[in-house]
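Numbering (full-length UniProt numbering), first residue to last: 1 to 406.
Derived by calculation from the structure, the hints in this document are not laboratory data.
From a predicted model like this one, the values you see are computed outputs, not experimental measurements.
A virtual CB, placed ideally from N, CA and C, is assigned to each residue, including glycine.
There may be inaccurate statements among the hints.
To be verified - Restraint ranges, calculated between C-beta atoms of paired labels, are given here:
1) Glu24 <-> Ser396: 35 to 43 Å
2) Asp256 <-> Ser375: 38 to 46 Å
3) Glu106 <-> Pro199: 47 to 55 Å
4) Asn276 <-> Lys354: 34 to 42 Å
5) Pro199 <-> Leu90: 35 to 43 Å
6) Ser109 <-> Glu24: 12 to 20 Å
7) Phe301 <-> Lys264: 18 to 26 Å
8) Ala345 <-> Gln373: 17 to 25 Å
9) Glu300 <-> Pro188: 40 to 48 Å
10) His299 <-> Glu106: 45 to 53 Å
11) Pro196 <-> Lys20: 26 to 34 Å
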Amino acid sequence: MMTYQESIEWLYSTQQFGIKLGLEQARRLLRETLSFPRHGVRVIHVAGTNGKGSTCSIIDALARACGTRTGLFTSPHLIDYRERIKVGGLDIPEDITARYLSEFKELVSSWDHHPTFFELTLAVAMRYFREKKCELIILETGMGGRLDATTAVPADVAVITPIAMDHSQWLGETLEAVAGEKAGIIVPHKPVVCSPQEPAAHCVIEQEANESRSPLEFITEPLTGYTINLAGPHQRMNAAVAIAAAEKVGVPLSFDIVQQALAKVVWPGRFERIANSSIILDGAHNPHAAEALLATWEHEFPEQKSQLIFGAVEGKNADKVLAILCSMAEHIHLTPINSPRSLSAAELEAALPKDSPAFTVHESLDAALEATQSSTTPTLIAGSLFLIGQAKARLSCQNPPPPSSQ
1 MMTYQESIEW LYSTQQFGIK LGLEQARRLL RETLSFPRHG VRVIHVAGTN
51 GKGSTCSIID ALARACGTRT GLFTSPHLID YRERIKVGGL DIPEDITARY
101 LSEFKELVSS WDHHPTFFEL TLAVAMRYFR EKKCELIILE TGMGGRLDAT
151 TAVPADVAVI TPIAMDHSQW LGETLEAVAG EKAGIIVPHK PVVCSPQEPA
201 AHCVIEQEAN ESRSPLEFIT EPLTGYTINL AGPHQRMNAA VAIAAAEKVG
251 VPLSFDIVQQ ALAKVVWPGR FERIANSSII LDGAHNPHAA EALLATWEHE
301 FPEQKSQLIF GAVEGKNADK VLAILCSMAE HIHLTPINSP RSLSAAELEA
351 ALPKDSPAFT VHESLDAALE ATQSSTTPTL IAGSLFLIGQ AKARLSCQNP
401 PPPSSQ
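When you get a sec, could you build the whole thing from the sequences and use the hints?
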């Protein structure tokens, strides 16, 4: 059997197989690794462009507050691969991860088409959830929905968070096309809970639900009357969606249980304040998420600017994100990311708007952090979850995550 480190190195080597949308391989892997859910296990499947992870985390917190044994699958991780797979709020142990991956490596060695990093990770998660006898599984899509590997798992409730343009090379060049892919998680005759959407996306989701004869509930009002341990007005809408989804699978919620869950819920890298510092981390990496970040900043720091440390990966409309974030920046610090998909310093500089505040191009995140140390202005690190993972590791003196494209 491989050690944990050996198993992770092997898994990361599978990123060479890239991203492959489709369900046949995922279904085969789940079947041959005995990873499909047991009969009676409830599954909530969450797709969308922004707010997926926060919504999944809130659903998980609500269910755990009721004593439900939960399995939570999200991506990407920030520092430790095991963050992607949790049971009862705790990361999957290293020894179990190594055991599963050792078994899976032997299994797929003779396959004509090698499973991807994401498909293997999903199989690890589902096998663990089955072994731990989880009662409720919450799955976040990796990309899209219709052909995302997570859709190979039969779901009881589909949740669709706000949809915006993202991953256009895979999902389509129009909002309608992207919405069609996300709405592909809808299961015939199973309920759908949906965040407010742009009119074009709203129509596509409504049509898909009608054709599938799936009861559709659009959540139109944010949650009020509760304290939420997640910053930003948008999190109140995420909470309202999460509550509706939890109720659809029979989670017995009361005022006290909801309050207990929301007061404790955490989701790292989303307007996360670093203890004993004036540093805030936010993984906003597309224009829609940047708008939410701007609203949160203005709510939390009215009349105050930031020292903005920014890095991005290709295909994320960095120019549009920067155009939004520039309005809250006193000075911008551009830095490449430890990812093969990182934009170079020159590409980041070219993405700045013409009316950008003063900026500095740094060769590394460490250099950018050092440049902001003496400032009395809060530091905001944003632009990519890969960058946030690097920053969290650096600020907590942990080993940085290995370079990743997924």
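Now the hints, each set against the structure:
1. Glu24 <-> Ser396: 35 to 43 Å: holds, 41 Å
2. Asp256 <-> Ser375: 38 to 46 Å: Roughly 43 Å apart at Cβ, these two residues keep to the hinted range, so it holds.
3. Glu106 <-> Pro199: 47 to 55 Å: Distance hint for Glu106, Pro199 holds at roughly 51 Å.
4. Asn276 <-> Lys354: 34 to 42 Å: holds, 38 Å
5. Pro199 <-> Leu90: 35 to 43 Å: Given about 41 Å between the Cβ atoms, the range holds.
6. Ser109 <-> Glu24: 12 to 20 Å: Holds - the Cβ-Cβ distance for Ser109 and Glu24, about 19 Å, lies within 12 to 20 Å.
7. Phe301 <-> Lys264: 18 to 26 Å: Given about 24 Å between the Cβ atoms, the range holds.
8. Ala345 <-> Gln373: 17 to 25 Å: With a Cβ separation near 21 Å, Ala345 and Gln373 satisfy 17 to 25 Å, so the hint holds.
9. Glu300 <-> Pro188: 40 to 48 Å: Holds, at about 43 Å.
10. His299 <-> Glu106: 45 to 53 Å: Distance hint for His299, Glu106 holds at roughly 52 Å.
11. Pro196 <-> Lys20: 26 to 34 Å: holds, 32 Å
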